[in-house]
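**Student:** Model the placement of chain C on the given structure of chain L, informed by the hints.
The residues making up each chain are set out below.
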Amino acid sequence: MSGLRDRVRAELQQTAKRSAVAASTRGEHLAKERAWRELAAEGRLQALRDQARDVKNQALAHHEEYLRQFVAQVERRGGRVHFASTGEAAVAQVLAIIREAGACRIVKAKSMVSEEIGLTPALEAAGLETLETDLGEFIVQLAGQAPSHITGPAIHLSAKQIAGIFCEKLGEEVPPDPEALAALARRMLRDKFLTADVGITGANFGVAETGSILLVTNEGNADLATALPPVMIVVMGIEKLVPDWAALEPLLTLLPRTATGQRMTVYVTAITGPRQPGEVDGPEELHVVLLDNGRSRLLGTKYQDVLRCLRCGACLDACPVFRQVGGHGYGSVYSGPIGATLTPLLKGAAADELLDLCSVCGACTENCPVQIPLHRLILEQRADRAAGRPGPADQGPWHTAGQAAAAGAATGRFSPAGGAFGAVRQVSLAERWLFRLWAWAWSDPRRYRAVARLVALLARPFSRDGHLTWFPGPLAEWGRERDFPAPALRPFHERWSELEQEEGAAHEG
Amino acid sequence: MKAEERFRQALADLSCQLVQAADGKEAAAAVLHALRQRRVTEVVAWAEPWLSELGLPQAARQAGISWYAPPAGTDSAEVREAAARAGAGVTGADWGVAETGTLALLSGPGRPRMTHLLPPLHIALLSRTRLLPDMAALFREMAALARLGATPSALQLVTGPSRSADIADVLVRKVHGPGEVMVVLVG
Chain L
105 MSGLRDRVRA ELQQTAKRSA VAASTRGEHL AKERAWRELA AEGRLQALRD
155 QARDVKNQAL AHHEEYLRQF VAQVERRGGR VHFASTGEAA VAQVLAIIRE
205 AGACRIVKAK SMVSEEIGLT PALEAAGLET LETDLGEFIV QLAGQAPSHI
255 TGPAIHLSAK QIAGIFCEKL GEEVPPDPEA LAALARRMLR DKFLTADVGI
305 TGANFGVAET GSILLVTNEG NADLATALPP VMIVVMGIEK LVPDWAALEP
355 LLTLLPRTAT GQRMTVYVTA ITGPRQPGEV DGPEELHVVL LDNGRSRLLG
405 TKYQDVLRCL RCGACLDACP VFRQVGGHGY GSVYSGPIGA TLTPLLKGAA
455 ADELLDLCSV CGACTENCPV QIPLHRLILE QRADRAAGRP GPADQGPWHT
505 AGQAAAAGAA TGRFSPAGGA FGAVRQVSLA ERWLFRLWAW AWSDPRRYRA
555 VARLVALLAR PFSRDGHLTW FPGPLAEWGR ERDFPAPALR PFHERWSELE
605 QEEGAAHEG
Chain C
7 MKAEERFRQA LADLSCQLVQ AADGKEAAAA VLHALRQRRV TEVVAWAEPW
57 LSELGLPQAA RQAGISWYAP PAGTDSAEVR EAAARAGAGV TGADWGVAET
107 GTLALLSGPG RPRMTHLLPP LHIALLSRTR LLPDMAALFR EMAALARLGA
157 TPSALQLVTG PSRSADIADV LVRKVHGPGE VMVVLVG
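Here the protein sequences come in this chain order: L and C. Residues 105 to 613 (our numbering) make up the first sequence, in order. Residues 7 to 193 (our numbering) make up the second sequence, in order.
Source of the hints: derived by calculation from the structure; they are not laboratory data. Heads up, some of the hints might be wrong.
Pairwise CB distance ranges (calculated) [unchecked claim]:
(1) C:67 - L:248: 45 to 53 angstroms
(2) L:233 - C:153: 41 to 49 angstroms
(3) C:153 - L:109: 37 to 45 angstroms
(4) C:77 - L:165: 41 to 49 angstroms
(5) L:162 - C:67: 49 to 57 angstroms
(6) L:192 - C:69: 52 to 60 angstroms
(7) L:470 - C:87: 47 to 55 angstroms
We treat Cβ as the ideally placed atom computed from N, Cα and C, and that holds for glycine.
Just chain C, with the same shape it has in the complex:
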């Protein structure tokens, strides 16, 4: 099975929506559509140049959605307050793992960890070229970063929405993290 097909299946098993986008323009449209559909009014996002280049912040603002992408060095309390209020968090993903439907996010300046943790909806944009077949491949990438001395302060692997079965063995979503994770596969 092709990696992409496996990834799609794994995300379906996790009840995660996967949207395919041929290019950045389509990806931006998909994100905007999802935000509008859920009546999101506030978004917290990574401050990555490529995200702005997609024209997302402008398009969102035109649609009446506030787009907050705190640059490196922003006051922590300010980001926290905004992220706690936001209806969605928009991030990139450094890799996707096909076997498990996992998103790998590396922390860094302009990439607050709370972006994908505090809001009820997490939307991740993943480039098709960053799809890996399995965990072994992901850990090879991490080993390569380690050799370069470039291990980030946090690697966060996200596999579906936050969940728990701690009460009476019943599966519940949105326990502490988002109740919904959506992946936009670009390229």
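Isolated chain L, as found in the complex:
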């Protein structure tokens, strides 16, 4: 994950891309605000957010139990469950299922977890025709790019650019008009749906009570991908489980409203097992690949809250950093605040520079439907990094690996895979001493005042019109783009106590 600085610099220079991302994120954020206001006006917003948080917490607290129940229900309905402890294992599993089915044409519904494990490129490399069917994903797949937003993969592209991509890759001249472009994609993909051998999806929720897989989309592509091909493969993160149908109410009330401002997404589909006798569609064969990939290591840690995430993208839209650099600036599958929080937790020190893409303003936390304290989790990880404490992903073998294996599957289907990402980065001695000194000076009022006065005196020669325009040494780069107000010679607290004295005198007089 090297080159964060270069990547961000490069992204900041792409003016058109930046304004597209800014416009889209602003639009999505405002749509979310309107939908949340509607819930607030009905007096339901906070209660729903609390319920949503609580049902996900409940699912995580009793994870083993729900996992066991879910697996048993899927198998009872005739589905097959596979466990994958790593992304590579999941990819291998999916490939094995496809090979066994003798399949060669695959349609995919959009899924973040399949991006996480690099599924589509791996299937393509194995010579399998694999088509993304979500409109945005289809576009970025054609363009050979990575999706730039969790819910809007192609928000960084203009209609004109997309028309160019379609012309180049599909050999079709289309006007740069969203209607015409979508119609072309519909026509191209319709035939693929009708002839595909395998449909691959993610899962928004898994219901333990019945072993149901819930898919939430607007286009209908997940419905077609689960209705038409004879084989269906679900790749699902193990944190997606909820106890029962009742638990879905707060989650499905909040997810569409938060993601796009809709009261409900156009399609919500719950698949429970393969097709039943007498039915003419739905998969004949249903496989569920349960992916751990670092998740179970977070259970029971101070970072467990991150596993509540619904992948709604609201934190991306609210984040001042994301709005500037866009998803590609992060260089990771999950971008924005959730990406900065989750990626280092899953991948360890190799990804911990993402923690720096945060101004700790807290907008992400405020906008999170399930109330993940995102900015606090970033701060916690920064503290771990500074102290040289390894994060969950760098702590050797997976301590809960046995949990899932115990849940109805053969032992050892989850194999240990820890320690792959090496040592935690150490903070320099000088930096540590500097912060220690700072803490010492700032923790006592007298010392604080003395230092403030000293700094004000020292800064005086460098201030112009009440602003500092030049900074020494390591601060020079930081100060180049900023005008910092010069410290006042008579600081506010001094003036405040004077004012208080005057006020007191006035009252007495």
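**Tutor:** Relative to chain L, chain C alone:
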């Protein structure tokens, strides 16, 4: 606000047409009218007895519209071909959700999922007695089915026509599913 009024408002917000029908006869007339208006020549429909009892298949055929309602166990490829060609898909709806304008469809024999997915127009007949106030009520119904061990292989919730804003934030309809959803509220 009454559930029915809320349902009407929610469907209007989704640009879905809602037709009220006092009885089955009126409902059949409304469906036929919609098909004729759009010059639909081929229909794929659920093979539910109550749909035939409305006299829809006969009436459609008299109007020169082919009505294909594949019974349980029909060859899958045949249904697929017909549904891909059809100008409209006619289904029932097991529930309607007033708060969101959602239709809940349970899969089963004689109820192909592609009926409401492949054609450009989806017409759903919903009994007034099956209108629920909100999602919480719907999930209570699903929990009841779960307790009976009667969860269908697919529950499909449909809220308006297929859409996407993936290109330049412009809302486009009829992306993969139907571009138009029409609800006939019966009773």
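**Student:** Taking each numbered hint in turn, which are not upheld by the structure, reported in ascending numerical order?
**Tutor:** 3
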